[in-house]
Amino acid sequence: MVRESIPRIFLEFFMPWLCYLLPYREQDFEEKESVTIYFKIEGIPSLIVLGPDGKTLQTEAVELVMEHGVQVYPFTKEKLDEIKSQKEARRATQTLESLLVSDERNFVNTHTGKKVQVSELTGKTVGLYFSAHWCPLCREFTPKLAEVYNELKQKGEAFEIVFLSSDRDQEAFEEYYASMPWLALPFRDKIKKDLSCYFHVKGIPSLVIIGPDGKTVAANARDIVSVHGAKAYPFTDSRLAELQKEIEELAEKWPKEVKHGLHEHSQSLSQRQAFNCDGCDEGRSGWSFYCKECDFELHPDCAVRDDDSEKNGNICG
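Start counting the sequence shown at 1; every next residue gets the next number (full-length UniProt numbering).
Be a bit skeptical, because a hint or two may be false.
Claimed, not checked - Below, computed lysine-lysine pairings styled on DSSO-like, alpha-carbon distance capped at 30 Å: (1) Lys192 with Lys153; (2) Lys77 with Lys40; (3) Lys215 with Lys84; (4) Lys193 with Lys153; (5) Lys193 with Lys84; (6) Lys87 with Lys202; (7) Lys84 with Lys192; (8) Lys124 with Lys245; (9) Lys77 with Lys215; (10) Lys144 with Lys231; (11) Lys190 with Lys124; (12) Lys253 with Lys231; (13) Lys77 with Lys55; (14) Lys215 with Lys202; (15) Lys192 with Lys115; (16) Lys124 with Lys192.
Stated by the list, open to error - Between beta-carbon pairs, the in silico distance windows are: (17) Ala92 with Lys144: 29 to 35 Å; (18) Lys84 with Glu171: 38 to 44 Å; (19) Glu175 with Lys245: 41 to 47 Å; (20) Glu140 with Glu246: 25 to 31 Å; (21) Ala241 with Ser102: 33 to 39 Å.
These are calculated hints, taken from the structure and not from any lab test. Yeah, the Cβ is synthetic: ideal placement off N, Cα and C, and Gly gets one too.
Please take these sequences and the hints and turn them into a complete structure.
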């Protein structure tokens, strides 16, 4: 194929490996489609790895590369088993220092630039907060997390948070970190990428809770904090079970149906995986009062309240 016939967009994104130009030749469109169908490709990017014998080794290699990088080569089952064994061994001996300390650094930072030794955090419950200023969901969640953090600190709980930034530059990092009351890993510290892979962080904001013994307590604590707030501390399975029991006991006292001033139809008591409350506009999960016809939904705090709060215009109870 001559260079002039290759689309400009392809040349701009040319990569340092061989390329099959089927997508750019109309006469080969059916052949390209047959490859897509054969490998059941439903979206891009998609990476299929073939072995030296031409047999398929991996059909979902994008995630493997994102998580393990060059270490996943040659993409064989034996290599993946080896990586899995290494991870299991690492988790068995996991401590806070093994997570946060590197050969070059044994501290985290405060807003004033003071260096806090990671060893000083040993014995505390520590949250690892993956976030970035450019992310709207992060900017929405950070103030809620700060409320939880401040409440727990005021109670004297042995709790700390370390910010691991995905910001695009130092200026954005500093501006965003100024809104947080906790500690931070230095910007672009190499450990941040390692921990993102280690904890399977596939999106932000993400909050991982490490217990006083250095072991992982909750790998997806963002949802826990969103639903339960500071009441979820110390974020253990036993504490979450207690909270769930309390909610179930409350649910028995709630009406099976409500008629709220914000909506023309009645809403029925339902259990939902995840929803956005149309009263307070907060993301929630669990019990709700739901109008299936209109997809209108209220959290019980917003749906069940006394007449005085309604007269005063308060939405949340």
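*Hints the structure violates: just list their numbers, smallest first.*
none
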